[in-house]
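There are 2 protein chains.
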Amino acid sequence: MEIKVAKSAGFCWGVKRAVNMAIDTLRKGKNTYCLGELIHNRREIERLKRLGMKFIDNMENLKRGDTVIIRSHGVSPRIIKELKNKGTSIVDATCPFVKDVHEKAMKLEKEGYPVLILGNPNHPEVIGIAGHLKSPLIASTLEEVEAIPKMAKLGVVCQTTLNLNFFREAISTLASKVKELKVYNTICSATSIRQKEARKLASKVDVMLIIGGKNSSNTTKLYQISKSVNPRSYHIESKEDIKEEWFREAESIGITAGASTPKWVIDEVVNYLSTLYKGGELSGRGVCQTTGGKL
Amino acid sequence: MEIKVAKSAGFCWGVKRAVNMAIDTLRKGKNTYCLGELIHNRREIERLKRLGMKFIDNMENLKRGDTVIIRSHGVSPRIIKELKNKGTSIVDATCPFVKDVHEKAMKLEKEGYPVLILGNPNHPEVIGIAGHLKSPLIASTLEEVEAIPKMAKLGVVCQTTLNLNFFREAISTLASKVKELKVYNTICSATSIRQKEARKLASKVDVMLIIGGKNSSNTTKLYQISKSVNPRSYHIESKEDIKEEWFREAESIGITAGASTPKWVIDEVVNYLSTLYKGGELSGRGVCQTTGGKL
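Residue numbers (the UniProt record's numbering), protein chains in the order written: chain L, 1 to 295; chain A, 1 to 295.
Source of the hints: derived by calculation from the structure; they are not laboratory data. In this text, a Cβ means the ideal position worked out from N, Cα and C, and glycines have one as well. There's no promise every hint is true.
[As the list claims (entries may be wrong)] Listed next, with one range per pair, are the computed distances between beta-carbon atoms:
(1) L:S189 x A:T141: 21 to 29 Å
(2) A:D100 x L:K99: 31 to 39 Å
(3) L:N215 x A:N122: 51 to 59 Å
(4) L:W264 x A:L142: 41 to 49 Å
(5) A:K16 x L:K99: 46 to 54 Å
(6) L:W246 x A:K179: 35 to 43 Å
(7) A:N85 x L:K177: 52 to 60 Å
(8) L:W264 x A:K196: 54 to 62 Å
(9) L:N215 x A:T141: 39 to 47 Å
[To be verified] Chain A is nowhere near these chain L residues, computed Cβ spacing over 12 Å in every case:
(10) G29
(11) K204
(12) L276
Using the sequences and the accompanying hints, generate a full structural model.
So, in structure tokens, the structure goes:
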């Protein structure tokens, strides 16, 4: 069995930065809260809980002097204001690329454009972006984009993990009905590289495994992209989800992982598969064809 | 035989305005030149010649006091400057919608965007737009758009008669590789309405006739659109081009005409067909199903 792991699999720069900031804060021994899940990965969250991180859904019980981590997805200015009013100490781990989307969206609004956010209205990143604007439009499907009326002006930003093909179709639709269209392509390059690589790898292997939280937006998109080119694609959270029957008559397995999937979870899967197929090509040819020893 | 004439067939507002300005100037009895063809319609040009208009390809022999008409396609500022230096009197019949493209393209350049013109680089309108810019990019095919490298910023305007589908595809391609994309959809509404109507009419009739100059960009595009939905589409300049064999086993004929096709040329074709099929449904049901008596 040949196992190929995508070079781009796992933590992106922004997530790695947020997790490191969280762990640094915990090491300082402070009473540390995280508003929402730091990243959309259940297993990493469990690890952080063991290290002392407290996860909260709302700000009700926060007290003066508590430390609050803002996760990589970012929040609206209203949340920051409320945290400051409560006298908490804020560790802002918002991904700088997401901060850049906030700034671009506000710039568009200042320039007089109604602003459309392309992305999932229920995702914390989109909620955070929308929170920086007066009256944003949000669209997550082509039907919603088509329903937008003809407009003289429109500014567009997008969720950093948006599917590139949806983005292209949405902009094409908008171009035909907006007289002046200003678009910031704010898809993170980590996202587009990961998506391109997933598509390519999925087309070359017999079975494709996509590792990451079921609640992770970018992992789910990787899975959808992979599935569209290779029906034998499976979204797993850990090695426990793997079923041996998936690999019947397969000679190669491709692996990728979302931007919120820690390296140690990917390692577990690769090690598990290498034990499973230890008599096969794996041991002879090396585990990772494409990682170049990164794993 | 049922004959349906598209409501939008024939002169657009800008062309009608240019022809009226030319005729008004001729009526004043001045020595009147037109730089290039006033409109891309051989038969209208012949009529204007008979009225006394002189058509020239260059400014060499112009003298102080001559009157020069700038056609609806517009020209570059360099031409206007040269005409002024020669002491000629300028009648600027540039379509106000084309002037608007000049202004938008210059605005983009002033704002720091490299400017891409989507359109035919050999068409006088595109040459005129390009003449207002320092170093414009021009693309007329999807291959040319795809060859544009990744860019931080790009501003886009387009030829007023551009095919809407090409425009959408081009913008979709650009959106994926330009970080900040500002697009002015400068396709004239007369053009997009005409194209939509041609597509719709062509799908409903057995044979489709598109009337207009073979050198008319917008007529040729109407023909291409019509041909893509109805293989029995024919581009004609006048009734003399019509072949009876085209209508074998046909029960309906659709007619549209480019923005540079005079009403009298359309009338000639409709009258010729109504004579040809005088025993048919035509006389009973009225010549024009969709013109609402406009013809």
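Hints and how they fare:
L:S189 and A:T141 have their C-beta atoms about 28 Å apart, which keeps the hinted 21 to 29 Å range intact. As the Cβ distance of A:D100 to L:K99 is approximately 37 Å, the hint placing it in 31 to 39 Å holds. Our hint of 51 to 59 Å for L:N215 and A:N122 holds, since their Cβ atoms are close to 55 Å apart. Separated by about 45 Å at the C-beta atoms, L:W264 and A:L142 satisfy the suggested range of 41 to 49 Å.
Distance hint check for A:K16 and L:K99: the Cβ-Cβ separation is about 53 Å, which falls inside the suggested range of 46 to 54 Å. With their beta carbons about 39 Å apart, L:W246 and A:K179 fall inside the hinted range of 35 to 43 Å. Taken as a hint, the range 52 to 60 Å is violated for the pair A:N85 and L:K177, whose Cβ atoms sit roughly 44 Å apart. A C-beta distance of roughly 57 Å is found between L:W264 and A:K196, which places it inside the suggested range of 54 to 62 Å.
For the pair L:N215 and A:T141, the supplied restraint of 39 to 47 Å holds, since their beta-carbon distance comes to about 44 Å. Every CB of chain A lies more than 12 Å from the CB of L:G29, the least distance being 42 Å, so the non-interface label holds. Taking the minimum C-beta to C-beta distance to chain A, about 23 Å, the non-interface status of L:K204 holds against the 12 Å cut. The Cβ of L:L276 sits about 39 Å from the closest Cβ of chain A, beyond the 12 Å cut-off, so the non-interface label holds.
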